[in-house]
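Okay, so the sequence shown: first residue is 32 according to this note's numbering, each after it adds one.
Worth flagging that the hints you see were computed from the coordinates, not collected in a lab. On a predicted model such as this, the values are computed, not experimentally measured, just so you know. You may find that some hints are simply not true.
What follows is a list of derived Cβ distance ranges for each label pair [as the list claims (entries may be wrong)]: (1) H271 <-> G229: 32 to 38 angstroms; (2) E172 <-> P142: 33 to 39 angstroms; (3) P142 <-> T277: 42 to 48 angstroms.
Glycine included, every Cβ here is placed at the ideal spot set by N, Cα and C.
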Amino acid sequence: MRRITCPERDDWRATAEQCGFDFHTIDGERYWDERAYYAFTLDEIERGIEAPTGEIDAMCLELAGRIIKDERQLRRLKIPNAFWDLIAGSWERDDRSLYGRLDLKFDGNGPAKLLEYNADTPTSIFEAAVFQWTWLEQAVERRIIPARADQFNSIHERLIEAWKDIAAGQHLHLTGTTGNDEDAGTLAYLEDTARQAGLSTTLLDIEDIGWREDGGGFVDLGDRDIATVFKLYPWEWMFHDAFGATLGAAPTRWIEPPWKAVLSNKGILPLLWEAFPNHPNLLPAFFEDDPRAAELGSSYVRKPLLSREGANVTLVSGGHSLDEHTGPYGAEGFVRQALSPLPNFSGNYAVVGSWLVNHEPCGLSIREDESPITGNGSRFLPHAIL
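Start from the sequences, fold in the hints, and give me the full structure.
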């Protein structure tokens, strides 16, 4: 794994906007950054990232099956008991999952380590699936990278096939916070892949979802029943929203399904460590109120059970804070995970995002930052297999 500086395309911004990648710049700073790329060998991809991703996902599914039947573990994850039956029902029906992303610490010199699982509402899929592939093709054409270069990236094709498998013949609603540029772009991309799979679709803001007064279920603005819906909106928010109490009464099938609320919780990090101790792709982790957390000593990463984009995460080394991101999370509690610093390439800390579609590893994305905590503004860099 290497970070290789390279010239950027003069017209990359125009190319991005033509592709619908309108959020290439966030708050005036680059989000997409092609002044460098990360190079991997094929062996690093296949054995270092792809194979561990599949194994970690299998462990997560096994763990989910255990947790859903265990009230004690559901309490440890602070999942409201009003939704336990909803979660269990979705698991027992084998409600299908579309996609997810594992965030890994990987530098090519040792086994990949799971940092967290973005199991419910991962973004950055458009730039991973489409725009970095566009970069690869044009970079080869313009001799920015070698002609033999390839990329670990079948995300787009996998999404289309997954839609056919999961929702063939159904009308698909897609919902989220459409006023957010990144969320709107992600929803538009996923809608496009669903349409390419032959599905009819409706996209609407989550605040525009209605409820039939006779208790008949959720409807869109056209009074059409919402039977199958992809939501880019976290389950823990839905549980506390005004219509949360009606979730169990609705016949709607959700993608991601309710059982993903278990795996999107950072409490799975200590639970994975309990279930699969000393696994080479896991880091020691404990609930903060567990006396065993003392085994980590004075160096660890403190993470809320529920948080996003690095918010309320603190890196502690030798009892001193190395870095900390503020935010609104933490009321449900924290976990502590062994400190395993991200690899530093010329002052840039890089995290590997490993994508799964329909539980198949199929691509990766790189986010980097001068901070060792990856946040919302961390840059997205393309990758290539050399």
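Results of checking the hints against the structure:
no.: 1; hint: H271 <-> G229: 32 to 38 angstroms; result: holds, 36 angstroms
no.: 2; hint: E172 <-> P142: 33 to 39 angstroms; result: holds, 36 angstroms
no.: 3; hint: P142 <-> T277: 42 to 48 angstroms; result: holds, 45 angstroms
Every hint, counting from the list given before, is met by this structure.
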